[in-house]
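J.: Given the coordinates of chain C, work out where chain E should sit on it, guided by the hints.
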Amino acid sequence: MTQDIARPKVAVWKFASCDGCQLSLLSAEDELLAIADEVQIAYFLEATREVVEGPYDLSLVEGSITTPDDAERIRHVREISTTLITIGACATAGGIQALRNFGDMDEFRSLVYAQPQYVASLADSTAVAEHVSVDLELRGCPIETSQLVEVINAILAGRKPVTPTHSVCVECKLRGNICVTVAHGTPCLGPVTQAGCGARCPAYDRGCYGCFGPAESPNPRSLSDWLEEQFGVDHPELLRLYRTFNADAPAFRSESRRHEEVAP
Amino acid sequence: MSHTHDRRISVEALARLEGEGAMHVQVTDGRVEHVELNIYEPPRYFEALLRGRHFLEPPDITARICGICPVAYQLSAINAIESLCVEPGSGRERGVQMPDGIRQLRRLLYCAEWIESHVLHVFMLHAPDFLGYQGSIEMAADHRELVETALRMRKIGNQLLEVIGGRAIHPINVRVGGFHRAPRREQLEALVEELTWARDAAIDAVRLVAGFTFPHLEQAHTHVALRPEAGSGPPGASDYPIERGRVISSSGLDIPVEDWPEHFHEEHLPHSTALHGRMRDGGTYLVGPLARFNLNADRLPSDIAALADEVGCTPPVTNPYRSIVVRAIETVYAIDEALRLIAAYVPPPVSAVEVVPVAGIGHGATEAPRGILYHRYEITADGHIADGVIVPPTSQNQPAIEADLLEFVQANLDLGDEPLQWACEQAIRNYDPCISCSTHFLDLTVERR
Numbered sequence: 001m002t003q004d005i006a007r008p009k010v011a012v013w014k015f016a017s018c019d020g021c022q023l024s025l026l027s028a029e030d031e032l033l034a035i036a037d038e039v040q041i042a043y044f045l046e047a048t049r050e051v052v053e054g055p056y057d058l059s060l061v062e063g064s065i066t067t068p069d070d071a072e073r074i075r076h077v078r079e080i081s082t083t084l085i086t087i088g089a090c091a092t093a094g095g096i097q098a099l100r101n102f103g104d105m106d107e108f109r110s111l112v113y114a115q116p117q118y119v120a121s122l123a124d125s126t127a128v129a130e131h132v133s134v135d136l137e138l139r140g141c142p143i144e145t146s147q148l149v150e151v152i153n154a155i156l157a158g159r160k161p162v163t164p165t166h167s168v169c170v171e172c173k174l175r176g177n178i179c180v181t182v183a184h185g186t187p188c189l190g191p192v193t194q195a196g197c198g199a200r201c202p203a204y205d206r207g208c209y210g211c212f213g214p215a216e217s218p219n220p221r222s223l224s225d226w227l228e229e230q231f232g233v234d235h236p237e238l239l240r241l242y243r244t245f246n247a248d249a250p251a252f253r254s255e256s257r258r259h260e261e262v263a264p
Numbered sequence: 001m002s003h004t005h006d007r008r009i010s011v012e013a014l015a016r017l018e019g020e021g022a023m024h025v026q027v028t029d030g031r032v033e034h035v036e037l038n039i040y041e042p043p044r045y046f047e048a049l050l051r052g053r054h055f056l057e058p059p060d061i062t063a064r065i066c067g068i069c070p071v072a073y074q075l076s077a078i079n080a081i082e083s084l085c086v087e088p089g090s091g092r093e094r095g096v097q098m099p100d101g102i103r104q105l106r107r108l109l110y111c112a113e114w115i116e117s118h119v120l121h122v123f124m125l126h127a128p129d130f131l132g133y134q135g136s137i138e139m140a141a142d143h144r145e146l147v148e149t150a151l152r153m154r155k156i157g158n159q160l161l162e163v164i165g166g167r168a169i170h171p172i173n174v175r176v177g178g179f180h181r182a183p184r185r186e187q188l189e190a191l192v193e194e195l196t197w198a199r200d201a202a203i204d205a206v207r208l209v210a211g212f213t214f215p216h217l218e219q220a221h222t223h224v225a226l227r228p229e230a231g232s233g234p235p236g237a238s239d240y241p242i243e244r245g246r247v248i249s250s251s252g253l254d255i256p257v258e259d260w261p262e263h264f265h266e267e268h269l270p271h272s273t274a275l276h277g278r279m280r281d282g283g284t285y286l287v288g289p290l291a292r293f294n295l296n297a298d299r300l301p302s303d304i305a306a307l308a309d310e311v312g313c314t315p316p317v318t319n320p321y322r323s324i325v326v327r328a329i330e331t332v333y334a335i336d337e338a339l340r341l342i343a344a345y346v347p348p349p350v351s352a353v354e355v356v357p358v359a360g361i362g363h364g365a366t367e368a369p370r371g372i373l374y375h376r377y378e379i380t381a382d383g384h385i386a387d388g389v390i391v392p393p394t395s396q397n398q399p400a401i402e403a404d405l406l407e408f409v410q411a412n413l414d415l416g417d418e419p420l421q422w423a424c425e426q427a428i429r430n431y432d433p434c435i436s437c438s439t440h441f442l443d444l445t446v447e448r449r
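Protein chains in written order, with my numbering: chain C, 1 to 264; chain E, 1 to 449.
To be clear, the hints were calculated from the coordinates, so they are not data collected in a lab. It is possible that some hints are incorrect.
What the hints assert, rightly or not - Not close to chain E: a few residues of chain C, all C-beta gaps over 10 Å, as computed:
#1 6
#2 20
#3 36
#4 130
#5 158
#6 187
#7 233
Unchecked claim - Covered stretches of chain E, as calculated for chain C (at least 3 residues, CB under 8 Å):
#8 56-69
#9 145-158
We put the beta carbon where it would ideally sit given N, CA and C, even for glycine.
Only chain C is shown next, with the shape it has when bound in the complex:
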């Protein structure tokens, strides 16, 4: 930090993504103006044309790395940032677009574009942490605004942010949800998914679909075996269950690969 110690410089960066995670900052309706008073929004293209030159005290990074140019750009962002936080499933695990990591890139390209030779893409969609060091990951597809506000608060106060790494099951218990799997046989990734959303899906009678990615020390194999034995969930369905917005997070990736091998 050089000039403006009282107001840290914050930058918001976008890579391959839907804009939803950075929108979460604009959706902090009750906190946005207070945050803007406490920090200098130095680079946030979705919100303002004003660009204050780096280096930046805090960079929030949305999106996955999918092109050669972006692989360069994320290194530059790291160089000019004191603290770098990835926001959301794309930046922390490659996002939904990482489904292509399981397929054939040339085929994908020619399916979508009439002139595939004009398109430059890396074969894989990868997490930011595979390219540069990351100081903190905020999970979710999208992230929760409350967690983003907590992280900004913590950084302003110079303390460690409170972002739990236990599973969604704990949140269901806290919220008083009836277990959708035990009560209705609905496949649910809650036991292996990181908390943070407040168990939104089970609260709406739906199984968790894992948008916060794997919890700390998950055991997806055990969950799959149990869903298969107790409720007859088959391999193709289990494969799909792990292969969505955090498909390339290691614990989900290896589990979906296992079902790919045994699927008929």
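T.: Chain E in isolation, oriented as in the chain C frame:
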């Protein structure tokens, strides 16, 4: 002034858009030679990664194309998929009879997205151009109350999205067949007081933005929008196009959504950017608030029509800069419609109708805040996606945006670089382009002279 002759205006990173784009204008000998809106968002290949997925999955997967209008993706996908589904034992060959309550909730959810998206665009992305600020945060220094009002209006839109959708961004409660859990009447009624406040605030906003100074630009684009059959909505609904309707145009087109491929296609141009939408006869066209309003103003309730009239916004509106006024009027409408739907809401007997797929090709279109969003899916007999096509509003509008830039720059060559650049950016923002939405993104790898 020499700079009217040879100039190159480039904005490498456009601000206040959803997504990433750049603009290039080439002027040679006092003539605008070339205008390009480059969309350099990296491609994410949604249509390819949908192949082989289960037919119930596109609403959740395609929502991730855009964090600003996920409901549009969910409901266009659902319209397309449900056209290929039947309720077992219904005796129908194709299509599902949805309970009124589910149809009410879907339109209500969509109203919430219009409120959230339109308020974001009108106040936080576009108004700063008219008032001379770099962005809404800078604008808040002088107009704190205005920005606070906008945030409070967005909040009620987001709260309505949360109650029905379970989450404001990428709702979790929406599914083929209906919802996972239908909200109770009391949950919706709890929002009525704040919505009523927001309706008044939106009316004030219409009067405010109508008083802005609009750069001169009249464009004769062909307008394309949905138009529902009168009285075809669920109880409480009026008939301005949101989640249903035929496709009509200002040049006399009037077709059911399933005829879309016969009339529209997308081109992949070598100079980069998203695929460009074209009509089959080669013409460019425009979707979004201007098209909706010009083709459906008769569908607005009389008090909102009177408000539009009072501020001098009468169809046809042909100056794209005035789209901000239409967006504000549509915000009043979306809040007003939400209040009507809540008053008439009867929770459905089941939260979702059980459906099974029939092999075939299904089409669906809805009015995303920024214009028609079309989905097409081919589904196999065992319920998998064999093929998917998504045509988002921004790729349809891209030719119109480039035409506006060309026209505007030609007429304003005497402006200095900085004001001209800003006015061009403002012209792009007229279309609220959601570049993340453009689905088909290309890197610039081939330069065209």
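J.: Please name the hints from earlier in the document that this structure breaks, with their numbers sorted from lowest to highest.
T.: Result: hints 2 and 3 break, sorted rising.
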